[in-house]
Amino acid sequence: MSGWLRPAILVASKDLRVEMRTKNVVTAVGLFALLVVVVASFAFPTSGQGREGVAAGMLWMAFLFASLLGMGRSFAQEREESCIEGLVASPVPREAIFLGKLISNLAFTGAAEIAILPVFLVLLQLQPGAGLPLLLLAVALGTLALVTVGTLLAGMAVQTRAREAILPLIAIPVTVPAMIASVQATSAALNGKPVGAAGSWLLLLVAYEAIFLLVALATFPYVLEE
Amino acid sequence: MTVETRPAAAAARLPGRASRLLAPATLGSMALLVWAALAWAPEDLEQGPPQRIFYIHVPSAWVAFLAFAVVFGASIALLATGKQRYDQIAAASAEVGVVFTTAVLITGPLWARPTWGVYWSWDPRLTSVFILWLIYLSYLSLRSYLPDPARRARFSAVLGIVGFADVPIIYLSVRWWRALHPAPVVLVRGGPQMPGEMLAVLMFGLATFTLLYLLLLRIRIDVQRAREIRGAA
Numbered sequence: 001m002s003g004w005l006r007p008a009i010l011v012a013s014k015d016l017r018v019e020m021r022t023k024n025v026v027t028a029v030g031l032f033a034l035l036v037v038v039v040a041s042f043a044f045p046t047s048g049q050g051r052e053g054v055a056a057g058m059l060w061m062a063f064l065f066a067s068l069l070g071m072g073r074s075f076a077q078e079r080e081e082s083c084i085e086g087l088v089a090s091p092v093p094r095e096a097i098f099l100g101k102l103i104s105n106l107a108f109t110g111a112a113e114i115a116i117l118p119v120f121l122v123l124l125q126l127q128p129g130a131g132l133p134l135l136l137l138a139v140a141l142g143t144l145a146l147v148t149v150g151t152l153l154a155g156m157a158v159q160t161r162a163r164e165a166i167l168p169l170i171a172i173p174v175t176v177p178a179m180i181a182s183v184q185a186t187s188a189a190l191n192g193k194p195v196g197a198a199g200s201w202l203l204l205l206v207a208y209e210a211i212f213l214l215v216a217l218a219t220f221p222y223v224l225e226e
Numbered sequence: 001m002t003v004e005t006r007p008a009a010a011a012a013r014l015p016g017r018a019s020r021l022l023a024p025a026t027l028g029s030m031a032l033l034v035w036a037a038l039a040w041a042p043e044d045l046e047q048g049p050p051q052r053i054f055y056i057h058v059p060s061a062w063v064a065f066l067a068f069a070v071v072f073g074a075s076i077a078l079l080a081t082g083k084q085r086y087d088q089i090a091a092a093s094a095e096v097g098v099v100f101t102t103a104v105l106i107t108g109p110l111w112a113r114p115t116w117g118v119y120w121s122w123d124p125r126l127t128s129v130f131i132l133w134l135i136y137l138s139y140l141s142l143r144s145y146l147p148d149p150a151r152r153a154r155f156s157a158v159l160g161i162v163g164f165a166d167v168p169i170i171y172l173s174v175r176w177w178r179a180l181h182p183a184p185v186v187l188v189r190g191g192p193q194m195p196g197e198m199l200a201v202l203m204f205g206l207a208t209f210t211l212l213y214l215l216l217l218r219i220r221i222d223v224q225r226a227r228e229i230r231g232a233a
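Going down the list, the protein sequences come from chains G and S.
Oh and the first sequence: position 153 is 153 in our numbering, straight run, nothing missing.
Oh and the second sequence: position 86 is 86 in our numbering, straight run, nothing missing.
Calculated directly from the structure, the hints in this document are not laboratory data.
One thing to keep in mind: the hints can contain errors.
Stretch by stretch, here's where chain S covers chain G in the computed footprint (C-beta under 8 Å, at least three residues) [as the list claims (entries may be wrong)]:
| hint | region |
| --- | --- |
| 1 | 145 to 153 |
| 2 | 159 to 170 |
| 3 | 180 to 194 |
| 4 | 203 to 213 |
The beta carbon of each residue, even a glycine, is placed where N, CA and C say it ideally should be.
This is chain G alone, in the form it adopts within the complex (with noise of 0.2 Å):
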């Protein structure tokens, strides 16, 4: 692992570098997500009782599909101009090439997320107050969650016939217990609950990341084997 993490932080600073200079990928994720529930606050009903819960559904939905654009875009860039090839001729373990791409995935999705996030509490005026912690854990450990998966699927989709389309595809249904985990916490600290409220639905979540973690670190090298 220690072996790894240098050569991790290598891949991700370069991807970091690329980001600080185009925006391209933090941007187009943010905005994605805000379309997403401005989409959604018209399709659904933002007041009355239970309004908390559909607010989860949309954040989750915002973030799912936003972080998967931003994860096939990620990796879309490493296509172009053949950085890929570069990559895997380069004299780092391909382990350490998923953990630096999961580090720069979180790091934009993260980004995004969190200039969304305030938005979305004004936009739907929704109070959180004593929720406030389990909220950003929730969010943490859901991004942690989509991000591992999604890092993975992106780095076979973008290396298909149609490209980072089809990573929705074979992303959303692997991703089902974790969004569901996701919207049932992000649900309860919207109502001010706090982060004990919610404690299975972390475990499940903190549960499913170490499953695909390790799943992610065993089989990206083959993603990458030509």
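Could you slot chain S onto chain G? The hints should help.
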């Protein structure tokens, strides 16, 4: 990648000696199962005739799960050995699994409507099977976007492993999710214990459907091989 080196021998196996024995055995058992399920098994006092769909429904669910477990095993074997044969097994098994999951999703609501009063309920088992169906449809869809056989084998193996690793956690998440809501009253089942004849028919159904799975798997593997040979020639 390793292409089948004996195209003539492989072609001669179509439809294959094993499936030539398997086919009559499966067909005979299927005929017997239809008779046993519709005529021999006693009628359920509470549910009446609709209960008989159970002899098709449960074996379909068993075969679906078996098929996806085989996809998982074959996917691991493919990544470990790189032998294209395992990809053929995984692909064939996923196809058969999707067909039987579809059968589960059709026979379930047909039984649920007269018994529960609704076609669908977001019950943990129903929901889990539905999500599994979506996962393996996406698996087959991914395959169709990968023209290169070696890459198709590797990528679909990754999704075959991810999909199956998801099964326990899907079930757990859906169970907890539903536990937060009151169960619909129609779901309450206080039926009597299953009589011996019913259990016997169910067991025979499971055996018959396992044969049917093996037969269909065999046929689909042969089709995959034939395609590969045609592609390589």
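Cross-check of the supplied hints:
Taking a C-beta to C-beta cut-off of 8 Å, the region 145 to 153 of chain G contributes 3 residues in contact with chain S, enough for the three needed, and the coverage statement holds. For the region 159 to 170 of chain G, the proposed coverage by chain S is satisfied: 7 residues have a C-beta within less than 8 Å of a C-beta in that chain, meeting the threshold of three. Residues of the region 180 to 194 of chain G lying with their CB closer than 8 Å to a CB of chain S number 3, which satisfies the three-residue condition for coverage. A stretch counts as covered by a chain when three or more of its residues have a beta carbon under 8 Å from one of that chain; for the region 203 to 213 of chain G and chain S the count is 5, and the coverage holds.
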